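> Chains as they are written, first to last, in the working numbering: chain A, 1 to 300; chain B, 301 to 563; chain C, 564 to 632.
By construction, these hints were calculated from the structure, which means they are not laboratory data. As the structure is a computational prediction, the values presented were derived from the model and not from experiment. Be a bit skeptical, because a hint or two may be false.
Unchecked claim - Calculated Cβ distances over 10 Å to all of chain A for the following chain B residues:
id	residue
1	Val307
2	Pro409
3	Leu424
4	Thr448
5	Asp505
What the hints assert, rightly or not - Beta-carbon label-pair distances, calculated as ranges:
id	chain 1	residue 1	chain 2	residue 2	range
6	C	Ile616	B	Thr543	58 to 64 Å
7	A	Ser132	B	Ser429	34 to 40 Å
8	C	Leu593	B	Val533	45 to 51 Å
Backbone N, C-alpha and C fix where the C-beta goes; we use that ideal spot for every residue, glycine too.
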Amino acid sequence: MSLIETARLTKKYNGNAAVDNVSLSIREGMCTALLGPNGAGKTTTLNMLTGLIKPTEGDIDFNKDYAGDRRKHIGYLPQHPKFYGWMTGEEYVSFSAELAGLSKKKAKESTNEMLSLVGLKEDRKKKVSGYSGGMKQRLGIAQALVHEPKLVILDEPVSALDPIGRREILELMKKLKQHTSILFSTHVLHDAEEVSDDIFIMKKGKIIIEGGLSELQRKYQQPAFFIETEKAMDNWLSSINEKSWIRQSKLDKKKLTLTVEDVDTARDALLKDPMLHKLKLLKFEVAKTSLEDLFMKVMR
Amino acid sequence: MMKQWGVLFKKEWTESARNFKWLWLPVVFILLGVMQPLTSYYFADIIENFGGLPEGAVLDIPPPSGAEVLAGTLGQFSQIGFLVLVLAFMGTVAGEKSHGTHLMVLVKPVSYFNYLTAKWVHILLISLSSFVIGFAGAVYYTALLIETVPVNNVLSGGAVYALWITFFMTLVLCLSALIKSTAIVAFGSLGTALLMSVLSMYTPDLMKWSPGMLSSHSQMLFFSGNAGDGFWVSVGMTFILITGIMILTIYLFNKKEVAGHTE
Amino acid sequence: MDELTQALQENWALIAPVLILQAILMVVALIDCFKHDKTNGPQWIWVLVIVFINIIGPILYFVFGRRND
Ligand SMILES: Nc1ncnc2c1ncn2[C@@H]1O[C@H](COP(=O)(O)OP(=O)(O)OP(=O)(O)O)[C@@H](O)[C@H]1O
Ligand SMILES: [Mg+2]
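Pulled out of the complex, with its shape left as it was, chain A reads as follows (with noise of 0.2 Å):
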């Protein structure tokens, strides 16, 4: 059973569609990763779930176990995270917790379970205008946990962290995961396959690719040479590239990258080619495609 599900849903600014027929289905206990460029509608798509715009057509289904105002069952991390400064750590969660309808007995306590959760336990009685960028980020992430949501969306909630920032993040996201249903977006597909399990890919506003991560990463990891040699490969390439066993070429001045449908087979005929030995071989290596070659190809 899905949580929410999304039906041809489109947001159009001005005649031009930011989001664009964006049918979606996101399921329960899982982490769902919403991956695309700068400006592919992930922000707007997120911002749709959560109701703080109104979709020019379609639909949102949130799941029947979970009745009544939705925001009740969501918890939401927005890209560019904005508090009211002049409250300490402690005092905005609760502020949160209180305004989601959590007893002010019952807020105190969800309050310090979460910012120990995120690790902010020490710094709670700080104004939240003191806080670094990576603390904000953790703030943000407590915030949108302590009504105990059934779904955490979070909007990029690495982008914005040094290398230390994200791997804490990114570790805090798979401890999660073991509760509650995630939803984030990011442009960075190292991200995704670290913590998600399903995977939708967004572009101009449209989903281009979905499905479960190890689906994806089994269709779209195939067989390739990385070939490189002292001279150019210009002709060569043009006189072996109608082959039926090549998928695909990339050349890159001295550099060859081929994909193609049988290992074996195209190591044969590679290695007995005399062409290819007159150029002089400097590297010849047999790979795997990954989901990231796929995932740099449609993003161009």
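Following the hints, position chains B and C with the ligands against chain A.
Leaving out everything else, chains B and C with the ligands in the frame of chain A:
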């Protein structure tokens, strides 16, 4: 529902305490309030000392009546006082919108009605308290230095003026909720108040219904204990307008998108 | 001049509260200004504004000088 309103109201309250609005707004109104009786009282002395009157000239200004001084105080409130109130509260919603702090509040299951009315009650509470304490200062100093004005006149006039402030602050909240630029909020609300007062002054017959008549009604109450023609019309109309503006503001705020450009 | 000073002295009890309120306004604004390391614009200018512009100075500081983020 009520509980959430309380949470939002407490947030406003704490914020105003921490940025000293609860201190400086009342202080400004007290200073404005006592300044008028003081300067009226010392007016003759001040002119004699600094006015450069020819030697031997005798200044013969009749001392102002208590009612005149109180009316003058309201004049100060309507100018400097309103300016200060606008500067203090023009950002009550607009500021949160331009910072983006409202997003994380409104993404919680928060009713927009609660969000706006908590702010409304809060700014009314500070403005009216500041007015009451400043006006009390004016009445006290007037009684000491000039003359006592009948209590009934003072109370009824003050109450009518409080209604004018309420109308004005409702306008400030409305513009702040619907417009992002605080400068436009300030000009818009001050401009509307000014326009209403000026129209009421020059075409009182056409403007009988207008809230802009309220301050002249309150001045008349000081002088005679009786308000002018059409008093109840303008009081009634003011209540209707306040309710109408609030309903419209909440309706439009609901219709508007919370998140602007997504950058 | 004498008359005015005399008049003021007679009513010293009435003038004193005004001066005290002005002082409170100034002191609170100054304390706040020193407590925040971030103001809109240079801090020392705000200190001058608060100290030398009577009443209006502290108000200007509270409205425009404090940074609230
Ligand atoms: N209020 C708006 N008015 C006009 N265009 C908008 C508005 N909001 C977003 N857009 C446009 O919609 C497109 C999608 O924006 P969105 O912020 O959703 O992308 P994103 O995937 O979140 O990008 P990023 O990685 O930069 O955060 C962009 O081209 C953006 O300029
Ligand atoms: Mg974005």
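> Each hint needs a verdict: does it hold in this structure or not?
Now the hints, each set against the structure:
no.: 1; hint: Val307; in the structure: violated, 4 Å
no.: 2; hint: Pro409; in the structure: violated, 4 Å
no.: 3; hint: Leu424; in the structure: holds, 21 Å
no.: 4; hint: Thr448; in the structure: holds, 44 Å
no.: 5; hint: Asp505; in the structure: holds, 46 Å
no.: 6; hint: C/Ile616 with B/Thr543: 58 to 64 Å; in the structure: violated, 40 Å
no.: 7; hint: A/Ser132 with B/Ser429: 34 to 40 Å; in the structure: holds, 39 Å
no.: 8; hint: C/Leu593 with B/Val533: 45 to 51 Å; in the structure: holds, 49 Å
Checked against the numbered hints given earlier, this structure breaks hints 1, 2 and 6; the rest are met.
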